[in-house]
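Novice: What follows is the residue order along each chain.
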Amino acid sequence: MSGAGFVLDLHRCVGCGACVLACRVENGRVESEAWRRVLPLNLRRQPGGPTYFLSVACHHCEEPACLNGCPSGAYEKRADGIVVHHEARCLGCRYCEMTCPFGTPRFEAHRGVVSKCHLCAHRIDDGREPACVAACPTEALRFAPASGADEGDARPAVPGFVDPAGCRPSLRFVPPKGAVRDGLFQALEKRMRR
Amino acid sequence: MSQPAGQTPLVVFTSLAGAGAGLVAATAMFVAAGAPMSRQAVVVGVVLQAVGLAVSLTHLGRPLRATLALTRVGRSALSNEVLMATQSLMWGVGLVALTATGRSVKAVPLFAGAFSVLFLVSIGLVYRIRGQASWGGASICTPLTSGCLFGAITIRTLMGPGTPVTPLLLVLTLDAVMFLLRWRAIARLRWPVEPDRATTFLRRDRWLSARLVLLDAFPISLLIVWPTPLVIGVAAAGLVIDRWSFYAFGLPHTTEREIGRAEDAIATASIPQEP
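In order, the protein sequence lines correspond to chains V and S.
Mapping the first sequence onto this note's numbering, position 155 (from 1) lands on 142, and the numbers just tick up by one.
Counting from 1 along the second sequence, just add 1073 to a position and that's the residue number in this note's numbering.
Do not take every clue at face value.
Pair by pair, the computed Cβ-Cβ distance ranges are [what the hints assert, rightly or not]:
id, chain 1, residue 1, chain 2, residue 2, range
1, V, E20, S, P1300, 52 to 58 Å
2, S, E1267, V, E18, 17 to 23 Å
3, V, D140, S, G1210, 34 to 40 Å
Listed next, the stretches of chain S that the computed footprint assigns to chain V, with coverage defined by at least 3 CB atoms under 8 Å from CB atoms of chain V [to be verified]:
id, segment
4, 1091 to 1099
5, 1151 to 1162
6, 1183 to 1191
7, 1316 to 1328
I should point out that these hints are in silico values taken from the structure, not numbers from a laboratory.
Positions of the beta carbon are idealized from the N, C-alpha and C atoms, including for glycine.
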């Protein structure tokens, strides 16, 4: 990972949603316009089975589809890899909603513009962590500053999260541990590769 | 009929502007084939394009910033589409103005037609998005082929049986092939569908059959046996269904859909249970 981004430890994440709430408070987002979301995997299809949670926001891709497709130049990739959206240049055409393969940018009808996570760039510039990372009670969500090195056994794709468009998202996952969770994880990975 | 929110103006824009550009493009094809130019078709084409472009502004959250869409020409497919739309409209207006003076320059309809074709191609290219399988392949070509087919049917109806048949047969063949390829691609999609769109997807083949009959089969049959202006209305209905189905059956890749796909895999996989 060369640009700034997140590392999500699937073994530690309990799906509490503290990251979502912290993001909303920090950035003044109402619930329906939250930039971060926690998506459970395997709650509905196999009740009682092992579950893990994907806490996702913008992945600040190395090749951001939103930036490349935007007709008005509303997106900018900073030197540290953070992809920021300038609302003053946004037409509200919603093309970034179509081009982003992760469904990240969200259109806000009442303001007529799109918005998305900016990795708390203002906090990072002040030497602090993003609000979601600071609020995580299990340290499952970590901030990875632009370094050029991957963190341990973190991987770029897991079942439920792949990069179909060559955007190279900065999000990395630490896989779940434990025999049963490993079993689920490996069986899924094998099946998704088919 | 349900579809993702906010896309109705896009259906109207691509239907009207597509029909308008298709009329101008088809006019150029008939002129190239030796037929006289139908001024009526060009005027209607230009008006449809202008109305379509005006409707497209209603899709924008900030329509007053619309000119910013031209700042990334050459780098953004959407900027290219906006540029081609304005070029196509300007050439169309120029052609109407030229015919109003009574002068006839054969190259002008051909240039206007070429820019209309480029505009229709640029509409398709907007949806050539990496990783978004539902809008790739032949669906990129259908704005061009459906617009030109509507134009060719309209001109043939307006000008009568004496006009050359080659342009009509050419675009009919291309459109039918491209649409059937698109249908096959839609039928192969294996992504989870939101509950509010499930009914639309269940009736997918019915909608796509209706499009094929209304835009391709029925107008051509009517043109052979009973060439009335009704043919144009039928083809227009087919064109609207074509554009609507493009968005209604689009299933862009998102993390939520990827999770749905993984959960489908869980449902059918032999995976150890937690004690």
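Novice: Determine for every hint whether it applies to the structure shown.
Specialist: Results for each hint:
no., hint, result
1, V:E20 to S:P1300: 52 to 58 Å, "54 Å, holds"
2, S:E1267 to V:E18: 17 to 23 Å, "19 Å, holds"
3, V:D140 to S:G1210: 34 to 40 Å, "38 Å, holds"
4, 1091 to 1099, "violated (count 0)"
5, 1151 to 1162, "holds (count 3)"
6, 1183 to 1191, "violated (count 0)"
7, 1316 to 1328, "holds (count 4)"
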